[in-house]
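Chains as they are written, first to last, in this note's numbering: chain P, 1 to 374; chain G, 1001 to 1374; chain W, 2001 to 2374; chain D, 3001 to 3374.
Because the hints were derived from the structure by calculation, they are not lab data.
A few of these clues could be false.
[Said to hold, decoys possible] Listed next, the in silico SDA-like pairs over lysine to any residue satisfying Cα-Cα at most 25 Å (straight line): (1) D:3104 with P:23; (2) D:3041 with P:24; (3) P:272 with G:1278; (4) D:3041 with P:71.
[Stated by the list, open to error] If you only want the chain W side, here are some residues facing chain P, beta carbon under 8 Å, derived: (5) 2027; (6) 2169; (7) 2170; (8) 2174; (9) 2295; (10) 2298.
Glycine residues also receive a C-beta, built at the ideal position from the N, C-alpha and C atoms.
Protein chains: 4
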Amino acid sequence: MGMVGGSLEAFIGGVHRIAAAIDGQIELAAGAFSSNPEKSKSTGRTLYLPDSRVYGSYEEMIHAEKALPADQRIDFVSIVTPNHLHYGPARLALENGFHVICDKPMTISLKQAEELEELVARTGLVFALTHNYTGYPMVKQAKAMISAGAIGKLRKIIVEYPQGWLAGRLEDTSKQAAWRTDPAQSGAGGGLGDIGTHAENLTEYITGSQIAELCADLTIFVEGRPLDDDGNILVRFANGAKGILHYSQIANGEENSLTIRVYGETGGLEWKQMEPNSLIHKTNGTYRVLRTNWGELYPAATAHARIPAGHPEGFLEAFANIYRNFAYAVRAHQEGKPRDPLYDFPTVQDGVRGLRFINAALASAETETKWTRL
Amino acid sequence: MGMVGGSLEAFIGGVHRIAAAIDGQIELAAGAFSSNPEKSKSTGRTLYLPDSRVYGSYEEMIHAEKALPADQRIDFVSIVTPNHLHYGPARLALENGFHVICDKPMTISLKQAEELEELVARTGLVFALTHNYTGYPMVKQAKAMISAGAIGKLRKIIVEYPQGWLAGRLEDTSKQAAWRTDPAQSGAGGGLGDIGTHAENLTEYITGSQIAELCADLTIFVEGRPLDDDGNILVRFANGAKGILHYSQIANGEENSLTIRVYGETGGLEWKQMEPNSLIHKTNGTYRVLRTNWGELYPAATAHARIPAGHPEGFLEAFANIYRNFAYAVRAHQEGKPRDPLYDFPTVQDGVRGLRFINAALASAETETKWTRL
Amino acid sequence: MGMVGGSLEAFIGGVHRIAAAIDGQIELAAGAFSSNPEKSKSTGRTLYLPDSRVYGSYEEMIHAEKALPADQRIDFVSIVTPNHLHYGPARLALENGFHVICDKPMTISLKQAEELEELVARTGLVFALTHNYTGYPMVKQAKAMISAGAIGKLRKIIVEYPQGWLAGRLEDTSKQAAWRTDPAQSGAGGGLGDIGTHAENLTEYITGSQIAELCADLTIFVEGRPLDDDGNILVRFANGAKGILHYSQIANGEENSLTIRVYGETGGLEWKQMEPNSLIHKTNGTYRVLRTNWGELYPAATAHARIPAGHPEGFLEAFANIYRNFAYAVRAHQEGKPRDPLYDFPTVQDGVRGLRFINAALASAETETKWTRL
Amino acid sequence: MGMVGGSLEAFIGGVHRIAAAIDGQIELAAGAFSSNPEKSKSTGRTLYLPDSRVYGSYEEMIHAEKALPADQRIDFVSIVTPNHLHYGPARLALENGFHVICDKPMTISLKQAEELEELVARTGLVFALTHNYTGYPMVKQAKAMISAGAIGKLRKIIVEYPQGWLAGRLEDTSKQAAWRTDPAQSGAGGGLGDIGTHAENLTEYITGSQIAELCADLTIFVEGRPLDDDGNILVRFANGAKGILHYSQIANGEENSLTIRVYGETGGLEWKQMEPNSLIHKTNGTYRVLRTNWGELYPAATAHARIPAGHPEGFLEAFANIYRNFAYAVRAHQEGKPRDPLYDFPTVQDGVRGLRFINAALASAETETKWTRL
């Protein structure tokens, strides 16, 4: 693995490295950790990389690695930069035969996203997008249950992603906050792109339903911030279900409370990211809690849990599932075998959906017409 | 107290009787429990009332009671009939000098509601509307905290009221379901009037903010049902806060999960009706749980709790608080004293707000324009 | 009903009055609320009783009421005094033909308890002991499930009752604390009698198993207090199950956290008084939550719930179930009919068990021998 | 790192490998994964180790690695075998200059434990015992708070570790169950050694108090099992606190519910392993929840968390903290620097305490005298 971005002070780079390391399937072998060559080198040294594999730019890394013998060079590129720096390295990596795993949202424009989609289709390479919440075992269980009809035809879906960390003007002091609230780096969506797309992706993944139209009320609550930090969105799904998607970065006091509830004709499911090892399944008259690695679960759930029930698995393990499944797909590609659908992960198509969602929500927020199609 | 409606098979009549009895301040002295005189009599007997005070109609009760000596007749009328039968007895009671406590929504039309408002203003009598959820101690605490600025200027408000009991065609077999899904008895709102108004009232009570405009997506999910059984509504408040109000009677597996979250500039509050003795107060970095009768609370909270912390108080005690406070106001009226604002309760104005909300949501659901003003 | 004790400043008197009032089956008709006649009168007036039925002592009340015509006098006596004042009125009431409902622990000596047991047997009158926690619907459900074999042969039982309110020397300022920590009023057990007996009674009720022997470590943590404020007790049951009973009044920060867990060969049950509408039923591989009035429950559970699922019922409703069931038994006695076992309540035998438990725990705490038989 | 034990079918070997890998500080470089050389080799290959570093026995590994140049050989040995196979490799490793990290309980006899203690003292090498639950951030927070007097002088401590997985005769089919219930492999304690020692260690770590005496009721509930599968133990601490330690492997339906509650004169703390990112701090009148990486925490807590609040960290991250801190200590040893006390971990002394606890509990279970000193 060669990493683009992820110098020591960044949050998400460390998460990707842990996620890649957990299962012993992936080795960090190279990196262009920063556009500042010195910073890139020092990050590399801290990570026990030889200087020779630490590069000053992603272009340098991709070209240099390609020049190495096939059994020595990296197999894939991991892109963990701010949003506006996804497209360039992703494109260059794909064009040079490297598989790609990339943070989300995939790009800062739908056009870029569609170009990557086309490029992946053309090259046949493996592309993963780290909508990491889909990696949780009980998310897999929820998806499998809905797919098997456990709660009947879907009617109502409520997904929410409240955070509070941007309740004040943190962008003046926090690098994490600064790029997320800067349109040049983040794209036209603020919270919408950063966490709204997670909510959208999780919903479409679990339910197998696509948002067909929406009605968005997006707000900038913190004065002087150029991008939305809160959004309330009515959603209608292609299959007739209806619902709500709301997110916030100014929900003061909320940590990272991504939650989804899905109600069908015969029952309902509820999953909370902050208590990820429980999946609540209710019907009128029953209430049961399904637990990671406890009792009968679908293979998709058990294939993504590592330790016995009651030993809580968390965010990093779910993230690691994306990496591990991506690694399996890369290996299958190398061996000319088909991917095992049990070990799925978000793909370039999810990235395109995310950009469509961002665009539709932004358009809806600007219009006085109720419904905007995705 | 003379009750209108509430024969034995009705659910809410029994709740009102318990709520009235708990504090030993109110005596059930008369009743017109059913339009069927036999049923009314048998209900009265079961309740240990003398036949002479059990009537075949509310008109009969009001006129007969008025004819009794002042120290023997009822002081007020409690109306627990389906929605379409609120206006008639409320009007007649007020016109004949009886105070009124009435179930919600107040009427089936805004015009009726405004007439009652005018009548209450003219007569000076006490009118309470049993939006009972405002009777919980921790709801009082939340209101007091917000009023005192504990979470700063309000930004986001999420209120929801999911139930699942009408996920199937229960109206064919359940009298409770039948009248609630019948426009002639329930009014033009189905779930909207039955529980949406509770959510609206609770929100405006706790936050002291009024909904200024809304955008509603109302649905009838169960085939053949004439009234909405689900609603997703974007709301904007007069003071600049924004939010979501959603309710459902088809959220399969949900019991009665009324929940409100309010986020201000400096913190957030969360209250769940199904765990009513906890009020969660968070800020970025802190998380505390305020508990009924535990530690320092506002007088409004302690004045509505009866027993030491850890002895759970529930729905009936909250409902009883409405009755007790109404009784206090009636007594104050009788004694020519002012009402003590500590012992508040929903009034005829709340009833008018409820009808405005119903009308606006129904209008919004029919239009392609995004925002409808209340 | 004629009440002994329960003047306005007492906590438990008000609870008994509410519990008696809720279901409209019992009327407070007389009272000897205080040994101070003035205080008794003023309490009576606040409760809307005529002065003629408010007495200066329980002896006066019992004799005066007995002298009334049968259709005018009270049917039963409710005793809500401190522990040392249970025996006297209970005995006198029974000897004069009045049924008795009495707070717990029943007496301050086993000898007194056994005398009451004998007297109840001899008179055939109805005697209820307000071990109120057995009145919760989900406690009834747990008992019914265990009795039906839902978790198999019992192995391990853990019951605990932690409170924190006596962590400091509250007895100097609180009347509630003062009598509970005074051996002359409370008996030889402090926390042991006050809450330890609740834990013991709840356990024996739910499991149908009797404690056969125990090993107690009782402590007085607050300096100068003459009675135990904390206890840790190993227990062994007659049927081979083993377990732990612990209680505390110095568990700083705990409200009233009575909790029981029972494990059998094929599953486990857990019930918490502070979340009383849930009963957790687990097996290795399953986890379900049974909820008051939700889905299929045993008749014993549904017979003790009043309102639909999701409308929380609490402490007062559970307490009221004891009163209502007692009233049913009194009526059955008056009508010469057998009691309906569905409407059960703790009896004089439970009172005797409680005293045996207190005696055994106190003896165990004094000896260096491991096990003390009950 | 060279691993002893941990072939692919073992549970705990994989946990150790993940824990070692997460922070990128430790490389698995060698292993004697099984006493079956073929199984050892195949495990090594799956883990991408060269055959040359995969050994058929720990003796072979230690001698062969010692013969390698210092910059190529392993720095330490990780021992993940069943209990009876800890002492041999630990001793040989220490005698040959390798640091040791070892699973718990440390040995199967107190004598062995004391020998290792002496050997560690003599060699000055680093020895860590994987009482992994002490690695959780909120456990560190609890320890720091108690040490700083946040809840005052300790009075009552309740620790419990219920599991249900051995409710049936799993040892006939599960290798994990088989060795744990075999005295030859597990030592004289069954559940006592496997999980009772975790409870003991966690308690002494958090509270800084040592168990001085105990009174144990240990049971074998599953017929034919030679070792205890349940234990109820009264404990008294050297500093005057009292409490309860109970554990079970037959608590049917329990996953891995290690929980500790500590009450002091001025407050109480509660931590549950299955919800590890919350630490509840209550006093009489307040209730707050401290959360991993949220708000003001002690440095010991923040130093053991990796990601922002709301991204749940779990069992593997806590386990990894033990490995990382051990690695820091090894590096400090190599560099001749003192250990940083912030990065602590359980040591050989904890191992000796564990064996003393096991011995005392077993002795207590056999005697009719109430208290047995540790």
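Verification of the supplied hints:
The straight-line distance between the Cα atoms of residue 3104 (chain D) and residue 23 (chain P) is roughly 24 Å, inside the 25 Å bound, and the hint therefore holds. For the proposed pair residue 3041 (chain D) and residue 24 (chain P), the alpha carbon gap of about 17 Å is at most 25 Å, so the pair holds. Distance check on the hinted pair: residue 272 (chain P) and residue 1278 (chain G) sit about 20 Å apart at the alpha-carbon level, within 25 Å; holds. Proximity of residue 3041 (chain D) to residue 71 (chain P) is assessed by CA-CA distance (about 23 Å); at most 25 Å being required, the pair is judged to hold.
Checking residue 2027 (chain W) against chain P by beta carbon gives a least distance of about 37 Å; that is not within 8 Å, so the hint is violated. The beta carbon of residue 2169 (chain W) comes no nearer than 37 Å to any beta carbon in chain P, farther than 8 Å, and the hint placing it at the interface is violated. For residue 2170 (chain W), the interface hint is violated, since its Cβ never comes within 8 Å of a Cβ in chain P; the closest pair sits about 34 Å apart. Annotation: interface hint on residue 2174 (chain W) violated; nearest CB of chain P at approximately 35 Å, more than 8 Å.
Below 8 Å, beta-carbon pairs count as interface contacts, and residue 2295 (chain W) has one with chain P at about 3 Å; its hint therefore holds. A least Cβ separation of about 14 Å between residue 2298 (chain W) and chain P goes past the 8 Å threshold, and the interface hint is therefore violated.
Of the numbered hints given earlier, the model fails hints 5, 6, 7, 8, 10; all others are met.
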